[in-house]
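**Q** Chain residues, written in single-letter form:
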Amino acid sequence: MYKLTTRTRAGTATAIAVLVLILAGLALPAVASRGAIQDLFFILTMLTLAQLWNLLAGYGGLVSVGQQAFVGIGAYAMFAGVILLGWNPVWAILLGGLAALVLAIPTAFFAFRLQGAYFAIGTWVIAEVTRLLIAQWKTLGGGTGTSLPREATSNILGTDLIRALFGVREAAARDILAYWLALLLVVVVTGGIYWLQRSRLGLALAAVRDNVEAARSVGVDAGRLKWAVFLIAAVATGLTGALIFLQTARISPDAAFAVTDWTAYVIFIVVIGGIGTIEGPIVGVIVFFVLRSALADYGSWYLMTLGLIAIAVMLFAPKGLWGLISARSGLHLFPVRRRLAGPKIEGGN
Amino acid sequence: QGAKIRLGYVSPQTGPLAGFAESDAYNIKAFLASEAGKNFEVIVKDSQSNPNRAAEVAKSLIVDDEINLMLVGSTPENTNPVATTCEAEGVPVISTMAPWQPWFIGQQGNPGDPASWKPFEFAYHYFWGLEDIIAVYTGMWKQLDTNGKVGGLFPNDADGNAWGDPKNGLKPGLDAAGFSLTDPGRYQNLSDDFTAQVNAFKAANVEIVTGVVIPPDFTTFWNQARQQGFKPKAVTVAKAILFPQSVETLGDAGNNLSSEVWWSASHPFKSTLTGQSSAELAADYTAKSGRPWTQPIGFVHSLFEVAANVMGRVSDPTKAEAIAEAIAATDMTTVVGKVAWNGAGVPPFAAKNVCKTPLVGGQWRKKDSGFDLVIVENASAPEIPAAGKMEALV
Amino acid sequence: MLLETRALTASYGQFRALFGVDITVAAGECVAIIGANGAGKSTLMRSITGVIRNEPGMVLHRGEPIGALSSAEVMKRGIAMVPEGRKLFPSLTVEENLLIGGQMRKVPGPWNLDAVYELFPILRERRNNSGTALSGGQQQMVAIGRALMSNPELLLCDEISLGLAPVVIRDIYAALPKVRAGGAAIVVVEQDIGKALAVADRVYCMMEGRVTLTAKAADVSRQQIHAAYFGEAA
Amino acid sequence: MILRLDNVSKSYGALKVTDNVTVAVPRGEALGIIGPNGAGKSTLFNLITGNVLPNEGRIEFLGRDVTRAPAMERVRMGVGRSFQIPQPFEGLTVFENLLTAAAFGRGGREADMVDACAHILDETELLKKANVVAGTLSLLDRKRLELARALATGPELLLLDEIAGGLTEGECKALVATIRAIHARSTTIIWIEHVLHALNSVVERLLVLDFGRVIGIGAPDEIMASREVREIYLGLEV
Amino acid sequence: MMWLDTLVQGILLGGLYALFAAGLSLVFGIMRLVNLAHGDLIVFAAYLVLIGVTLFGLSPWLAALLAMPVMFAFGWLLQTAVLNRVLGKDILPPLLVTFGLSVVLQNGLLEGFSADSRRIPAGSLEGASLDLGLVTVGVMPLLTFASAIAAIVALNALFYHTALGRAFRATSDDVVTAGLMGIEPKRIFAIATGIAMVVVTLAALYLGMRANFDPSIGPARLIYAFEAVIIGGLGSLWGTLAGGVIIGVAQTFGAAVNPEWQILAGHIAFLAVMLLKPRGLFPRAVD
Ligand SMILES: Nc1ncnc2c1ncn2[C@@H]1O[C@H](COP(=O)(O)OP(=O)(O)OP(=O)(O)O)[C@@H](O)[C@H]1O
Ligand SMILES: Nc1ncnc2c1ncn2[C@@H]1O[C@H](COP(=O)(O)OP(=O)(O)OP(=O)(O)O)[C@@H](O)[C@H]1O
Ligand SMILES: CC(C)C[C@H](N)C(=O)O
Ligand SMILES: [Mg+2]
Ligand SMILES: [Mg+2]
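Chains as they are written, first to last, in our numbering: chain A, 873 to 1221; chain B, 571 to 964; chain C, 774 to 1007; chain D, 59 to 296; chain E, 503 to 789.
Looking at chain A on its own, in the form it has when it is part of the complex (with noise of 0.2 Å):
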């Protein structure tokens, strides 16, 4: 006699939208030149990284600022599959996830402990340990660093293929490789994120963070929640780094163990754009690469810009940029409300 549904209007557009989106982004390389892959590529990495450092501070309430520590060793453990075990690339970055998992796990294990600021400050000192460690490993360059060999660069899996679809020069099929990579990835972790939240695990983490003692008591069991949610924003930070590092192709701790780069920059998308929603990361996205693009040239002005845009956002529109305009419009591409329909209920809201 009733019915959930979580169908709204705006949803059944954006799937749509979604979907010709993907398809089009699939069959981009056929006409879109390298640079706009190449921006693509940057646009949909960084995007990733925003949409799982909102999974974790937006969903799970833990603002880490260590999330470097797998983008680094999820790029390394690519760079040792390639280098040390002969893995082809691709196969390598499965390696990546995989390597983010087991730090991941002492990792929570120690900075469960902590709360608020320090836990913040915990995941920060495990990521410059970790940096730190890593900058001991000599096979690997140590802290100067390696690049990928370029007998493993010119034979990824499937750039043959693509060479010969596109009829494009090698360098260029590793670019349209990466890009697909990266679509799917954002893919699978936005959608996800999405199914997580229309999923039981969804309700549970909207009211551990409403009310952690009542969530407790209707039997969510917030300490689980927590693990989930950070081991797998870890696999897929981990993974999306291997990704990053096997397109440029060099790596070394200060480059993949960057703090600026894969933490402070994703925070600024997240928290501009608007946190705690799966809009918000891609307006941020959108905001931080077209100001990049339009100022990079300006050096450090371009810098004091995104400084200053920072402390306006956060002074001006706190919930960010989707928050002004889904305040405004009551607009949700995204739709997670459970609807009860039947007899007897009111429109509400």
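Possibly wrong hints are sitting among the right ones.
[Said to hold, decoys possible] Now the in silico label distances, taken between C-beta atoms and shown as ranges:
1) Val1084(A) x Gly955(C): 43 to 49 Å
2) Lys879(C) x Arg271(D): 44 to 50 Å
3) Leu1029(A) x Met135(D): 50 to 56 Å
4) Met504(E) x Ala747(B): 29 to 35 Å
5) Ala659(E) x Gly165(D): 43 to 49 Å
6) Gly625(E) x Ala949(B): 35 to 41 Å
7) Gly793(C) x Arg689(E): 29 to 35 Å
8) Ile770(E) x Val1084(A): 30 to 36 Å
9) Leu957(A) x Gly625(E): 54 to 60 Å
10) Phe981(A) x Asp715(B): 35 to 41 Å
11) Gly625(E) x Leu760(B): 20 to 26 Å
[Stated by the list, open to error] Just so you have them, the derived chain A footprint on chain B, three or more residues with Cβ under 8 Å:
12) 682-693
13) 728-735
14) 802-811
15) 876-886
[To be verified] Calculated lysine-lysine pairs in the BS3-like style (CA-CA distance at most 30 Å, straight line):
16) Lys231(D) x Lys1216(A)
17) Lys1191(A) x Lys1098(A)
18) Lys186(D) x Lys875(A)
19) Lys737(B) x Lys922(B)
20) Lys1010(A) x Lys737(B)
21) Lys712(B) x Lys801(B)
22) Lys779(E) x Lys74(D)
23) Lys186(D) x Lys1216(A)
24) Lys849(C) x Lys879(C)
25) Lys1010(A) x Lys688(B)
26) Lys858(B) x Lys599(B)
27) Lys779(E) x Lys1098(A)
28) Lys849(C) x Lys688(E)
29) Lys1010(A) x Lys772(B)
30) Lys719(B) x Lys959(B)
31) Lys591(E) x Lys1098(A)
32) Lys1010(A) x Lys719(B)
33) Lys574(B) x Lys908(B)
34) Lys959(B) x Lys936(B)
35) Lys936(B) x Lys712(B)
36) Lys879(C) x Lys688(E)
37) Lys1191(A) x Lys591(E)
For the record, the hints were derived by calculation from the structure and aren't laboratory data.
Glycine included, every Cβ here is placed at the ideal spot set by N, Cα and C.
Please arrange chains B, C, D and E with the ligands on chain A, whose structure you already have, making use of the hints.
**A** Frame of chain A; chains B, C, D and E with the ligands shown alone:
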């Protein structure tokens, strides 16, 4: 002719390495104004002293700006990501201002396994190597009366690992020249305490300190050494005292510190672009910028000399392979000396991609205001005149 | 009128806790506010003291609108509060807790450290203890003393008997007449109706964010209170 | 016995809030708890649900020692509770509040819980507001939601903390009817309430707490008649 | 002998870290503000002192003394105009704002002063040392340590023996109730940040005299400062000193084993303390 030749240039214009880039604008202006520069367009990108960013902007120069040739300099942190990117992209790159070992070996997948090292197709580098450092440094030290015991300060970065490497770094060469090296181990840049090193040097009765140290760390070390009563006879380090501003920050304690010199106002070479001598180039820069000359000025200048020379000879400036061929065939004398990838003085594995420029040794002498860099050792490049003798610190 | 609220409303986020409350307190008067859990008594106190900010005209002090002032500004006008749950500063000793009550408003009046110690002699013995190391009743004494230190014209007491033993409650209530003797008006918020009626001149009863009964304490019947409390006659 | 407390004590610093409480509740009983403000009634609930752990003593539920078991485990075993100060998940709708409780308190797929939740909403007169965000509810509806959410966890033992406070007589009657109906389905109920006539019309036994101690337990009439209780609890002379 | 030296140098290094951390400890303790710009503020103050020295020819000490009121005013303004408006239960807005501030400061300084390494000249003091028999210690590190202690003694006196300090502690305990005492928490926060900036100026003086600085050097020591504050326990200034010393000593001992371990050892000491005492060595009754 039609379209101009596009040169990409990645440079750390902001961030801690910005000192290397301070003459960029001056040199590029001079290049474009010169006869040879007319056919060129130079697109400069700021790496923000960040290796991630360096790789990124290199990519964007290649893909978006479709440059014909990449130029890069200013420490391995900047040259290596750019060179790696170019090599992977199949775009020729001329690189400088990094000793060739961290540049060449540092770009190999497994730096620890020489058997796996491979030459590059598109990446070419000119500067000097650690064997030259060894020759110059030992030449300077031999002018003094010491016990031959040397202490090394090598950080865990691209330079430090190359210099400190027990097989390919300074150690074997110093041994061969009759010096013994005490190396307490790699430290992290921006360490706040060097007691461990001072103690190790004292224990080993060290009289000479060497290394490749960033300026703040050197100041910290040198202050602590003096505070803890460690008084070496010579301190010969790279990087830390490269710029006169860094030496000035040491005050009196900067007097007679020594370092290798790769370019100076007294180098007897002329620019192929402007016809200026080294001295004129230095004086002109100072006149236009109000700042003292520094070693990178000559090398930034020379990058454009080489680029102009290569592109002048190339059969088809749009073909990467043709440009690489032209680079390999270079034989010219720039404001920093002879540049020719003929394999002279370079081990076989790197002979194709590395060419060496002359290196001498100098010592900072305090004058009324500021410091002078006086060349005190030129045995391996006698064409560069020496202006004094090495003096002991104590 | 010393204090007056006019159509006072207050919300926590989207949840509205007060729906147009009007009360008055005359100088020197003692008023009791009673009502069940969650009726909005504490919310009313918070609105008066500026912890929750309102429109200026919703709260008047001697005719002047103070509804939009910060709690510090309200306090400097002579309105002090003993908050629900005592809220002592754990980092401060007993004496420091008392001192801090008076340090921002220094006006002549009957109350100072000695006077408070005289009112609650036990506090003098415990003056160097951390405030939170005391028993509940002693903590309540500190909270009252702290509010008195500013020599307020109006003292708001939110559930000062909550969780205390009857003997202790007796002691604390015994202090209120002395406070009135010092010239201050008092508002006591209580769930314990008997206690409230015993000290008050007038009584307001609240239910679900509204005043449901206003009466002289002497006249009010149990029936009336019950009706106001629970909505209907028992 | 569905629940058994043996010499349970809890202190906050020097304050003993629960003092050596021993009580056993048979399956299917409705037990009322009364006592002055601050007597430790809510704390007793917190001890039973696992929101607070005792300093001493032992708690047994369905024959199992749960003294140290975490709250969510006890919910899944069948302990459902309402909070004295309503604690809805303010960002979720009324329906989602229940769905969360159902999905985690009982365990199961959301889709299978829809009818059960709708039924509970109907029973607690919240159905109309099923899709309203809980943060905007009135106090009365919040109290209803407390009850509804506790029911949604599928409790064997239902703990109700002052859910009648502030209700009108009519609302109160409806509430009593609802609780009776729940009780009739053989759910064990423990109910803290100041509104005695409502409480006494449901419960079979009454427990009196003062300063954390049990000072009386027995049939409501006997308890209400005892002088001690009248003095301590009904401070307002009756 | 060598171990004693390592210990002494580590303790002195801890003094430097404590000095870096003292201002942070103050704002973190009173308003739970995670100030990511703290390191850059130290560098900013160092340039201010440098201007006094090079432009006006003042002695470093006098220049620092004159910079202190300027920095106090700057801190006051910063808190009033920006930080007060983002403080709350959520730690993210202040985190992002101070990150923004950090980026703005770094790049603003770069525009203003270029990337050159600079130094506040301290003359003969730089290399001066004191022979204490068993160990030889530098005068400068000794002064740094003494200044750290002096700063902490002064701050403690302010905290525990003045009405302002009472207001600080009360506000830190409970903002709402402090308001009921007639205290404007925002004003208290502004004063606290102002005072923190005075301490920052002192730290800047020693940072600038001890080694080179350039606009980008701020964040490098920020993490040690945070570690020192957290090891010590929220709001405990002596705890912060202890935290600094623990990190300093761990670093020198780590380095004595192998310089590779220097910085790692400091971090590991922090992690170890957190594992044993998640709220620090000297936590307060309530956080
Ligand atoms: N900070 C808050 N956020 C949200 N709701 C609140 C908050 N404080 C109180 N409320 C709600 O406002 C309503 C009125 O609460 P208030 O504390 O004013 O009642 P009270 O009459 O003082 O009750 P008590 O006798 O329990 O102290 C209650 O429903 C309560 O749940
Ligand atoms: N977390 C806590 N820390 C310190 N004291 C507490 C805590 N929780 C409760 N108390 C104290 O324990 C005592 C009993 O509280 P409890 O909430 O159990 O009382 P109650 O009987 O439910 O009262 P009411 O009728 O007002 O709801 C009170 O004095 C209260 O202040
Ligand atoms: C990194 C290099 C460009 C610097 C060089 N090693 C020097 O002597 O300064
Ligand atoms: Mg209240
Ligand atoms: Mg209760």
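**Q** It remains to establish, for every hint, whether it holds in the given structure.
**A** Quick rundown of the hints versus the structure:
Distance hint check: the CB atoms of Val1084(A) and Gly955(C) are about 45 Å apart, consistent with the given range 43 to 49 Å. Here the CB-CB span from Lys879(C) to Arg271(D) is close to 46 Å, well matched to the stated 44 to 50 Å. Distance hint for Leu1029(A) and Met135(D): a CB-CB separation of about 51 Å, consistent with the stated range 50 to 56 Å. For Met504(E) paired with Ala747(B), a C-beta distance near 30 Å keeps the hint of 29 to 35 Å intact.
Checked against the hint of 43 to 49 Å, the C-beta distance between Ala659(E) and Gly165(D) comes to roughly 59 Å, which is inconsistent with it. Under the hint 35 to 41 Å, the C-beta atoms of Gly625(E) and Ala949(B), about 38 Å apart, fit the expected range. A hinted range of 29 to 35 Å for the beta carbons of Gly793(C) and Arg689(E) is consistent with their spacing of about 33 Å. The given range of 30 to 36 Å is respected by Ile770(E) and Val1084(A), whose C-beta atoms sit roughly 31 Å from each other.
A C-beta distance of roughly 58 Å is found between Leu957(A) and Gly625(E), which places it inside the suggested range of 54 to 60 Å. Judged by the Cβ atoms, the range 35 to 41 Å given for Phe981(A) and Asp715(B) is violated: they are separated by roughly 59 Å. The supplied range of 20 to 26 Å is met by Gly625(E) and Leu760(B), whose beta-carbon atoms lie about 25 Å from each other. Counting residues of the stretch 682-693 of chain B whose CB lies closer than 8 Å to any CB of chain A gives 3, which reaches the minimum of 3, so the coverage claim holds.
Look at the stretch 728-735 of chain B against chain A: 4 of its residues bring a Cβ nearer than 8 Å to a Cβ of that chain, three or more, so the hint holds. Check result for the stretch 802-811 of chain B against chain A: violated, 0 residues qualifying (beta carbon to beta carbon below 8 Å, three or more required). For the stretch 876-886 of chain B, the stated coverage by chain A is not satisfied: 0 residues place a CB nearer than 8 Å to a CB of that chain, which falls below the threshold of 3. With a C-alpha separation of about 22 Å, the suggested pairing of Lys231(D) with Lys1216(A) holds against the 30 Å cut-off.
Restraint check for Lys1191(A) and Lys1098(A): the C-alpha separation of about 23 Å stays at or below 30 Å, so the hint holds. For the given pair, Lys186(D) sits about 15 Å from Lys875(A) by alpha-carbon distance, which is consistent with the 30 Å threshold. Distance check on the hinted pair: Lys737(B) and Lys922(B) sit about 22 Å apart at the alpha-carbon level, within 30 Å; holds. At roughly 14 Å between alpha-carbon atoms, Lys1010(A) and Lys737(B) fall within 30 Å of each other, so this suggested pair holds.
A C-alpha spacing of about 18 Å is found between Lys712(B) and Lys801(B), which places the hinted pair at or below 30 Å, so the restraint holds. Under the criterion of a C-alpha separation no larger than 30 Å, the hint pairing Lys779(E) with Lys74(D) is consistent with the structure, at around 27 Å. Distance hint between Lys186(D) and Lys1216(A) is fulfilled; the C-alpha atoms sit about 6 Å from each other, no more than 30 Å. In summary, the hint linking Lys849(C) to Lys879(C) is supported, as the alpha carbons are separated by about 9 Å, within the 30 Å threshold.
With a C-alpha separation of about 19 Å, the suggested pairing of Lys1010(A) with Lys688(B) holds against the 30 Å cut-off. Straight-line distance between C-alpha atoms of Lys858(B) and Lys599(B) comes to about 12 Å, which keeps the hinted pair within the 30 Å bound. In summary, the hint linking Lys779(E) to Lys1098(A) is supported, as the alpha carbons are separated by about 21 Å, within the 30 Å threshold. Distance hint between Lys849(C) and Lys688(E) is fulfilled; the C-alpha atoms sit about 16 Å from each other, no more than 30 Å.
For the suggested pair Lys1010(A) and Lys772(B), the alpha carbons sit about 28 Å apart, so the restraint of at most 30 Å is met. The hinted pair formed by Lys719(B) and Lys959(B) meets the criterion: a straight-line CA distance of about 21 Å does not exceed 30 Å. Restraint check for Lys591(E) and Lys1098(A): satisfied, since their Cα atoms lie roughly 20 Å apart, inside the 30 Å limit. Taking the CA atoms of Lys1010(A) and Lys719(B), the gap is about 27 Å. The hint holds against a cut of 30 Å.
Under the criterion of a C-alpha separation no larger than 30 Å, the hint pairing Lys574(B) with Lys908(B) is consistent with the structure, at around 27 Å. Taking the CA atoms of Lys959(B) and Lys936(B), the gap is about 15 Å. The hint holds against a cut of 30 Å. Distance restraint check for Lys936(B) and Lys712(B): the Cα-Cα separation of roughly 23 Å lies within the 30 Å cut-off, and the hinted pair is therefore satisfied. For the hint pairing Lys879(C) with Lys688(E), the CA-to-CA distance comes to about 21 Å; that is within 30 Å, so the pair holds.
At roughly 14 Å between alpha-carbon atoms, Lys1191(A) and Lys591(E) fall within 30 Å of each other, so this suggested pair holds.
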